[in-house]
Each structure stands twice: as C-alpha cells, then as structure tokens.
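Using the hints, position chain B against chain A.
Chains as they are written, first to last, in this note's numbering: chain A, 1 to 482; chain B, 483 to 779.
Hints listed in this document are in silico derivations from the structure and should not be mistaken for laboratory results. Predicted model, so just to flag it, every value in this text is computed and none were measured. Ideal Cβ positions, reconstructed from N, Cα and C, are used throughout, including at glycine. One thing to keep in mind: the hints can contain errors.
What the hints assert, rightly or not - Each computed BS3-like pair below joins lysine-lysine, with the alpha-carbon atoms no more than 27 Å apart:
no., chain 1, residue 1, chain 2, residue 2
1, A, 61, A, 73
2, A, 281, A, 323
3, A, 281, B, 485
4, B, 511, A, 281
5, A, 366, B, 729
6, A, 281, B, 748
7, A, 61, A, 121
8, A, 296, A, 281
9, A, 366, B, 676
10, A, 296, B, 748
11, B, 511, A, 366
12, B, 485, B, 754
13, A, 366, B, 748
14, B, 684, B, 714
15, B, 748, A, 298
16, B, 684, B, 511
Claimed, not checked - Some chain B residues near chain A, calculated using beta-carbon distances under 7 Å:
no., residue
17, 698
18, 702
19, 703
20, 715
21, 737
Claimed, not checked - Just some of the chain B residues that point at chain A, by a computed CB distance under 10 Å:
no., residue
22, 503
23, 522
24, 757
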Amino acid sequence: MSPTANKSLNPLSPKERIKVPRQAMPEQPAEVRAHNFEEVNLGYSAELAQQEARRCLECAKPTCTDNCPVGVKVKEFVELIVAGKFLAAAAKIREDNVLPALTGRVCPQEDQCEGKCLLSKKVKPLGIGYLERFVADFEKQVGTHVVPSVPPTGKKIAVVGSGPSGLTVAGDLIQRGHKVRVFEALHEIGGVLVYGIPEFRLPKQIVREQIDYMREMGVEFETDVVVGRTVTIDELLNEEGYDAVYIGTGAGLPQFMGIPGEHLNGVYSANEFLTRINLMKAYQFPVYDEPMLDLKGKNVAVIGGGNTALDAIRSALRLGAGKAYVLYRRSDAEMPARAEEVHHARQEGIDFQMLTAPVEFLSDGKGWLAGARCVRMELGEPDASGRRRPVPVKGSEFDLPLSVAIMAIGTTANPIVQSTTPGLDTNERGYIEADENSQRTTRKGVFAGGDIVTGAATVILAMGAGRRAAKSIHEYLTTGEW
Amino acid sequence: MFKIVHAQFLAPGIKRFVIEAPRIARKQKPGQFVILRIYEQGERIPVTIENSDPDRGTINIVVQAAGKTTNLLNTLETGDSILDVVGPLGKPSEIANYGTVVVVGGGVGTAMAYPTAAALKRAGNRVLSIVGARNKELVILEREMREVSDALMITTDDGSYADKGFVTDKLKQLIQNGTRIDLVVAVGPIVMMKAITELTRKEYIRTVVSLNPIMIDGTGMCGGCRVLIDGKSEFACVDGPEFDGHKVNFEVLVQRNAMYRNAEQKSMEEFKRSREALAVEPEPACVVAQTAQGVER
Chain A
1 MSPTANKSLN
11 PLSPKERIKV
21 PRQAMPEQPA
31 EVRAHNFEEV
41 NLGYSAELAQ
51 QEARRCLECA
61 KPTCTDNCPV
71 GVKVKEFVEL
81 IVAGKFLAAA
91 AKIREDNVLP
101 ALTGRVCPQE
111 DQCEGKCLLS
121 KKVKPLGIGY
131 LERFVADFEK
141 QVGTHVVPSV
151 PPTGKKIAVV
161 GSGPSGLTVA
171 GDLIQRGHKV
181 RVFEALHEIG
191 GVLVYGIPEF
201 RLPKQIVREQ
211 IDYMREMGVE
221 FETDVVVGRT
231 VTIDELLNEE
241 GYDAVYIGTG
251 AGLPQFMGIP
261 GEHLNGVYSA
271 NEFLTRINLM
281 KAYQFPVYDE
291 PMLDLKGKNV
301 AVIGGGNTAL
311 DAIRSALRLG
321 AGKAYVLYRR
331 SDAEMPARAE
341 EVHHARQEGI
351 DFQMLTAPVE
361 FLSDGKGWLA
371 GARCVRMELG
381 EPDASGRRRP
391 VPVKGSEFDL
401 PLSVAIMAIG
411 TTANPIVQST
421 TPGLDTNERG
431 YIEADENSQR
441 TTRKGVFAGG
451 DIVTGAATVI
461 LAMGAGRRAA
471 KSIHEYLTTG
481 EW
Chain B
483 MFKIVHAQFL
493 APGIKRFVIE
503 APRIARKQKP
513 GQFVILRIYE
523 QGERIPVTIE
533 NSDPDRGTIN
543 IVVQAAGKTT
553 NLLNTLETGD
563 SILDVVGPLG
573 KPSEIANYGT
583 VVVVGGGVGT
593 AMAYPTAAAL
603 KRAGNRVLSI
613 VGARNKELVI
623 LEREMREVSD
633 ALMITTDDGS
643 YADKGFVTDK
653 LKQLIQNGTR
663 IDLVVAVGPI
673 VMMKAITELT
683 RKEYIRTVVS
693 LNPIMIDGTG
703 MCGGCRVLID
713 GKSEFACVDG
723 PEFDGHKVNF
733 EVLVQRNAMY
743 RNAEQKSMEE
753 FKRSREALAV
763 EPEPACVVAQ
773 TAQGVER
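With the rest of the complex left out, here is chain B:
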C-alpha cells in the first residue's frame, strides 16, 4: 500500500497526489513514469511523475480524469492509499546542454514536461517554455514552469487566459522570429505532439515527444505498448517513453489507443451509475469550478 500524504486539485479534473514511495523517490529522473493499480479489481495504468522528494521519500503524480480509473483515483484524498505503485519506469529524458530548448506542455502533459524543463535548465540550457490548455482553468503548473524557464508563453484554445491559440502558434512565431532552437521537447495530447513534429520537421529541428500508449506491466514483458518508430516496433515502456518525434507513427498510436474504447465507455458508465447511486457527484473533478451545489469534500 502506498499512502497519499497530500492530494490537491490543480485544475478541474486534474489532481496532484503526493505519495509515500521512498524507493521510487530515490531513483526518479525526469521523463519517467509509474504504473499504479488502485484496488484489487483495478487495471494498471501509467501515470506521469511530476516531481519527487528523496529526503521525504515521496513522489508527486498528476492525474487527469478521463476514464473510470482516473476518475476513481481523483476521488482519493489525503490519508487514502493506492494499492500498487511501481516505478520509476521508462528511460529518463536525455539531459545535456543543447543550447536553446523549447519545452512544450499541452494540458496535463505539462506535468511531465516540467521536470524535464527543470533539468534542462539546470544543465545550462536556455529554456523557452510553451504551455497550452483548453481554457484558463486548465492551465497547470504556471508558477513552476515560470521558475525553470527563461521565458514562458501560455496559450488557451478559447482565449480565456493569456494568448488565444495553440502551442504550435507560439512555436511558429519563435521560428519566424529567427530564434535559434536546438531541441524541442513536446509532451501532451497526441494531436498536439503530431502538429509540433510536422512544424519542426520542415525546419530540421530535433524534436523529442513522450508517448502514452496502453500499458500493463511496464517492464517490456507484454508488448502491449508497442509503437511504430521509423517503421520498427518499439516498446514505449522500456525503449521510451520518449522518442524522436519525426520517426513516430502517430496514426498507429491513435488507432491502438482506441482499442478498448467500447469497454472503457462501459466501465465509465457503470462507474457513473454507481457514484450516482451513492448520491455522490459522478465527476468529482468538475466540482471545484463548475457545480454550484458542490458536495462536501
């Protein structure tokens, strides 16, 4: 059992958990993730590590409610426990002094981009960060990103905060302004990472993306997370999760991530029904900002 020592919503549907996991805290490096299972009948899902504190023996994970498991996870509070947390998994980000690095975080992907941005900054890079979200409420880790960046640009799809538009618009501007960019690191929704790589391919800018396929064991044993890199099969859990974005077949990633959509919808519907039966708000994630008659939490 892994105890949650602190739980806090960063945005509607996006929650940060500080978890007691001393072994993982000691070893975690930027770019890595954990796999967790909440309870005995639960599935195993990969989750971003945002930060860790080796002295306190804790790791921070950031979770966005999407399906049943993430929604259930977001109902957990300080003092609750998670049955299994295993990691740190995946290869760490390759940190070096590249020169100028643009770090792009889209939505909850910002949580994984943040430790990488921080490490790149410590390695002496000029770090230009771009954070994008659908709207003002969904912009996360702004202060943290600002602290580790030489410049921070923010976009919202609806223009409710900072600049209206997409992260690609900002990257395009940087390129058009003649900014010398040695490396782009992009973590976020697949469509975002794909758009970024299309933009940088034309400019011959090396681009690293972090992939999020379906996983089970996270040690290379099952092969469920295989992704097509330069036409060859690689396992995101052990060969990744970071890959050269210009070699990634994003269509296959989208297609494979949709493999269990029917089952996932069924799970989610049953979960909602059971929460309603308990007279609890079905999507606690939305409580904070949107519901007037909010439940006591």
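Chain A with its partners taken away, still in its complex shape:
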C-alpha cells in the first residue's frame, strides 16, 4: 500500500513542504573544530528530524531508493519519522542496510538518494543522510536493537576483510542462519572505517558499536590474520571446513606519482598518514607509542581531490599545521570528494589550490622535504574517465615551501590474496574478476566485492556489493549449484 494513495501522515501540503527550508545540520564551529578530532556534525534533534522529514514529497515512484546502492526504502523510513516512530524507522532501514549510523555519515548522498530527490528540482533536496543518521543514533541511545534469531543452517562462511563490504556480508548471512567468521589483517575490526576515515567524520565508537551488534548476532571475528600469508583461501575451504569465502580486502596499495623526491622524509601516502592517526592514534603521542612528525606551525599539502585527500589534510590541520593546502590538478567541478566535506574543509581554512600539481619534491639537503615545485594546469579534452584532461601551463612553475606532503592520488589492488589463490582470475589492473550481480569469482565457492573488484570507490558501493554477495552466497549454499 502506497502511503500517497492513502491519507498521508504528513500535516503539510506539498506546496507547504517546498516552503520549509532544508534543516541545517548543527555542527561544531569551524574555528573550534579545526583544533580537535571530535565529530564535526552534531546530529539532528528529534524536532529538527521531524521538521526535515515533513519536507518529503512522498513520491509515488521514489527515485531516491532506485539511486541507493543498497535500496534503502527512504520514503517509508522518512514517513515513520514524521509519525514519530523512530525505532521503527531504524528497523526499516536495517532491512536493507546493516550499517545506517555509518552510511548516514559517509555516503555521498548528493550523488545518490539526494541527487535524485524531486525537491532538488526547485529547492534543496531532502536531508536523507541526516535523517538516516538521526534514527541510527536514536536507536543506539535507546539501546534496543532486536537481535534476530534464526534456525542454524550448519553452513560456515569465511569473510576476508572487515571493512564495509565484509561487515555487510557478515551481517546479512548471519541473519540467514549461517555461521560467519571474519578475518582481519590489522589488530582492529573495521578496515577503512577505522584506519582511513578520521574520528571527526566517523567516530570510532560508532564503528565499534556496529561491530558489537554483529558479535551479539553471532558473527565471529579473528584479527591478525593476513589471508594469503597466515592462511590461504584454499586452506579455509579445504582444511578449515568453510563452505564459501567472501573476499572484501579493499583497494590496498597506495600509489605515488613517480616524481623526484618522493623518498624524502616528510612525504607520506595518505594511507600511512591516516593509519598513523586513526588506527595507531599517533595524535595522542606519547600516550600512544606510534610517532608522527610534529606538524605545529608547519606547511602541509595533500595531493589529490578525493575524500581521502580531505580526510588527510583536515587531520593535518587538527594536528596544528600552519598552512594546509589541497593541490588538485583539475577544477572544483571534477573533485570527487563529498560536497559536504569540501564545504567543511573550506570553512576550516583549508587552502584549495586547484589546477595545480607537483612535479618535484624539493630537499633541504639533509633528506627532508623542503617544498614542492608545482605547475598550474588547464583543462583540455575529456580523458578516459570522461573528465577534462589537465594539461600543464607552460612557464607556470612555482615553488611551494612544505614540511609535509601527503599523496592521496589513489590506490591499486593488493595482490596478496590473488597471488596465493590458484584459479582466481584478475583483470589487467590486478582486481579480482567477479560477476557484477552474483559477485561470483572464477573459483567455485569464492565470492568477491567492494574495492578489490571495482577499484577504489565508496563505502556504500562496497556495502551494495556485500548485499548482492550475501544473497548469492545464500543461494549457492542452499542449492549447491554454481
């Protein structure tokens, strides 16, 4: 039954809804948050959430859901918020998305649900991400998740990697009665959610709560296991008795530009910079032992324009950087980062040097970074990615004094699993070949999804792959057909 067919619970007429402005997300003031690692966004109150929810036009054919990689029933959960049934709203989201507190915070909503919101044709789109976050946080505060109980199937699945994709697979399969064990190479569960995305964007406590919930549901976790080294896929299948394996190992290896000076002290990959801060808590040195270069008053630049780049440079700012630059070789329009993060970063005083790329890192003569020789770019014809290709402007070289430079120009496939699993095909870039619907690989009983199949993408796309894989693994385990 479509709510629009019946009497809507929404007291506002469609015309009135359009007149209500999008409710702003309360946030820490920029000048305060630039110096701490606490979350930028503070979250909606119940009143704000209901006010925002009432803006929903309750479309007969909701394009928001069509445009969500996991198909969250947006209209239905928003309507439950309007009705004040927040727990029911959370349960509605959980039917399709096991990690709503995360996706409400890190999804690029502007490219997905909100990007297709009918409201956006006239005014700002519905704050779907903010609403999702609100109900997930509300559910946590009330502390009543329901742990579903299902009859055991006797089947056992190994999940390799505990990032968003692996967690989704685990959450979905445990709810179908299978035994699930997740293997993680690092000492903490969560993959990119704990080593990559900083505290101020995704508090680690939230990740831990989601994982605790999975433990309650019966998912087992084993840390300190590098599958491919500590144990192979074949050993999991043949010796440890797993009926299926899901590979969700992420994108992995950081890329460098191959320009002179990348070995100077002070040049980091974004992965290392962020891992030191997020996973190893180097910003709390010496309480934590992992060291970090002292950034106080120093000039720091990140090279790249994605979410990782912004996470890194905003972390540097919080560690006391005097000047914090983003060097991006294309223009604003091509920047892949989430719009909200770009907006927040500008508010915080990050200096965006667009159409700019380093061509060399300069040494202080003692092995330490002293600066970057940069060149300005202009946009030429579209390249393979469909974006206009940046072309260096002749004679535009200039030197930027820097103490730290962070490379956030993308990642490539980590080969450890592929190279130790005979018969597991990869594409020319080293990513695992998997069917885009069933997530089946070329090895019977082995499925894969997320960045290790697609190359670096988003949390929600990895979760979408996890959903499809869980469905497909369940089918395989039920029918035995490959």
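Positioned in the frame of chain A, the structure of chain B alone reads:
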C-alpha cells in the same frame, strides 16, 4: 593474545621468545617476519622470525632492545602475552641449490640469517657462514649456525672473541683465497650490508640483503616501508624484505629510518623514567652481564 611459552636472553639486550602462534608456525618460511604490538597503546614493529615449530604451534622471535618498544618487550617473561602478532609477512628467501653460498649475519641479524642458512644447506648448498658482533657477549646462535654451515667464521669488533675485525674482512679473505662464491646473503646493520654489497659488486657476486625499514601494517597498505631499488619505489613488506643488494639505495634507507628519531628518543626517555620510578633497572637487557646489583628476574 599470543602467549610467551619461553623467554630467554641470548646475549645482553638480545632476547629470544617462543610464542604460541599456531597459524604462523604452520606457514613460516626462512626470510619472513612478524609484526607485533605489545599492548593497546603500543606501536607496531616488525620482528625477525628465527625459527618455528609447526607441531607445537610456536614461533621463535629474537629481539634486540633499541627503543621503547623493544626494551619493553625484553621485560616480558615466560607466561606473559603479546597482544598482537601477525605474519608470516614478506616474501620468503629464494632457496635453491646455488653452489657455494656465503651467509653473513651481523649482530641480531644472525637470527634472520640462521633459518635461511639452514634452508640453503638443506637445498644442497655449501654454506660458509660469517657471524659478526661488537664483542664476545653479543655473538648469538653460534652453535645453531655451526650446525647448518660447512664452515663458520666469527669476528668481533674488539677482538674479545674469535677474530678481531669485521665480517667484510672475512668475506674479503674468502674472495682473495679464490673461493668460488655463487651467492652472498647478508642480514645485519645497514652499514654492514652496504659494505658487503660494495665488496661483492666489484667481484660480480650476486648478493641478497634483508631490509628493515619502518613499517606499520606489513601488508602493503601504508607504503611507509618504501625503499628505493634500482631507482624505483618498492614496499619492503610485500616486495621484500630481501632485495638484490646491488640495487638498494642504502642512503635513502638510513635517512628514512631516522624520520622519527626525536619522537623515539622522547619515548625512550619517558620509558626509562617510568622504569626508574618503579625502581626497576631501566635497561633490563644489560642486567645479565653488566650490573653487579642486578634485580631479581
């Protein structure tokens, strides 16, 4: 948690731990290492695997006290636990029958050279080993190395044991004597490995070295351990740790390993202060041989 089933000093500051790690024990091959973290606030450090016992499910690691983490590690005893141990990491040593192989172990590097020497011996090579240390007390694994070598030469910097001099002197002698050498494997301090490669380059002897840059995850994810090999960036944790010594840029390795010297010194000073506050010998590593009023251990 990984339980220490046996802990024993091999030399002042150098301790061997036998650790329950059944998965790693089953897979470990010569040349590989583990990364460990002792406690919740601890850093991750790479450590040599000296040996493993797949049947008992244990691995042996050998640790030399240098900074805070290794000093703290060396205070651990039989029955204690290490929070995280992950591995085996890195590519195993390439074991084949090369003919005559000279295996050089400098200081604690001998612990990593030993399993490689043993495997090379099993593969049918004539294994000539050279072990070097600063002084008599710091010579480790002499008996073990002797068992897997056709000949074992030992040098000490101060001449307090065996021959006075450096490992390079012995290698030079071998070369001058006209010994046919098909491969040199050198594991030890960077200066030692660099000196060995300079010597063998002139003689066109293939030389493998094992590098020890700063690491975090050990799976290739962070890129912190990148080393310059033949002008190209490689990750020691997944592409190594063993590389063709003639292609390694040792200057960059030295420079990058010094990146956190200030922080490391600060950590170490605070660690010493806290140990003194507890009225415990600050460098337990030195207790065995050097302090008269030693503490009960």
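Do the hints match the structure? See the list:
In summary, the hint linking residue 61 of chain A to residue 73 of chain A is supported, as the alpha carbons are separated by about 11 Å, within the 27 Å threshold. With a CA separation close to 22 Å, the supplied pair residue 281 of chain A and residue 323 of chain A stays within the 27 Å bound. For a cut-off of 27 Å, the pair hint linking residue 281 of chain A to residue 485 of chain B stands: about 25 Å separates their Cα positions. The straight-line distance between the Cα atoms of residue 511 of chain B and residue 281 of chain A is roughly 32 Å, outside the 27 Å bound, and the hint therefore fails.
With a C-alpha separation of about 22 Å, the suggested pair residue 366 of chain A and residue 729 of chain B falls inside the 27 Å cut-off, and the hint holds. Between residue 281 of chain A and residue 748 of chain B the CA atoms are separated by roughly 17 Å; this keeps the pair inside 27 Å, and the hint holds. Among the hinted pairs, residue 61 of chain A with residue 121 of chain A is consistent with the structure: their alpha-carbon atoms are about 16 Å apart, no more than 27 Å. Proposed proximity of residue 296 of chain A and residue 281 of chain A is supported: the alpha carbons are some 17 Å apart, at most 27 Å.
Distance check on the hinted pair: residue 366 of chain A and residue 676 of chain B sit about 20 Å apart at the alpha-carbon level, within 27 Å; holds. Between residue 296 of chain A and residue 748 of chain B, the direct Cα distance comes to roughly 17 Å. Compliance with the 27 Å bound is thereby established for this hinted pair. At most 27 Å may separate the alpha-carbon atoms for a hinted pair to count; residue 511 of chain B and residue 366 of chain A exceed this at roughly 38 Å. Distance hint between residue 485 of chain B and residue 754 of chain B is fulfilled; the C-alpha atoms sit about 25 Å from each other, no more than 27 Å.
For the suggested pair residue 366 of chain A and residue 748 of chain B, the alpha carbons sit about 22 Å apart, so the restraint of at most 27 Å is met. Taken as a hint, the residue 684 of chain B and residue 714 of chain B pair is honoured in the structure, with Cα atoms around 23 Å apart against an allowance of 27 Å. With a C-alpha separation of about 20 Å, the suggested pair residue 748 of chain B and residue 298 of chain A falls inside the 27 Å cut-off, and the hint holds. A hinted pair counts as satisfied when its Cα atoms are at most 27 Å apart, and residue 684 of chain B with residue 511 of chain B does not qualify at roughly 31 Å.
Below 7 Å, beta-carbon pairs count as interface contacts, and residue 698 of chain B has one with chain A at about 6 Å; its hint therefore holds. At a threshold of 7 Å, the smallest CB-CB gap from residue 702 of chain B to chain A is about 5 Å, leaving the interface hint in force. This hint holds: residue 703 of chain B has a C-beta 6 Å from the nearest C-beta of chain A, less than the 7 Å allowed. For the restraint placing residue 715 of chain B at the interface with chain A, the shortest Cβ-Cβ distance is roughly 6 Å, inside the 7 Å limit, so the hint holds.
Using the Cβ-Cβ criterion of 7 Å, the hint placing residue 737 of chain B at the interface with chain A is satisfied: the shortest such distance is roughly 4 Å. Contact between residue 503 of chain B and chain A, as hinted, is supported at the beta carbon level, the nearest pair being about 9 Å apart and thus within 10 Å. The criterion of a C-beta within 10 Å of any C-beta in chain A is met by residue 522 of chain B, whose closest approach is roughly 9 Å, and the hint holds. For residue 757 of chain B, the interface hint is violated, the least distance from its beta-carbon to any beta-carbon of chain A being 15 Å, above 10 Å.
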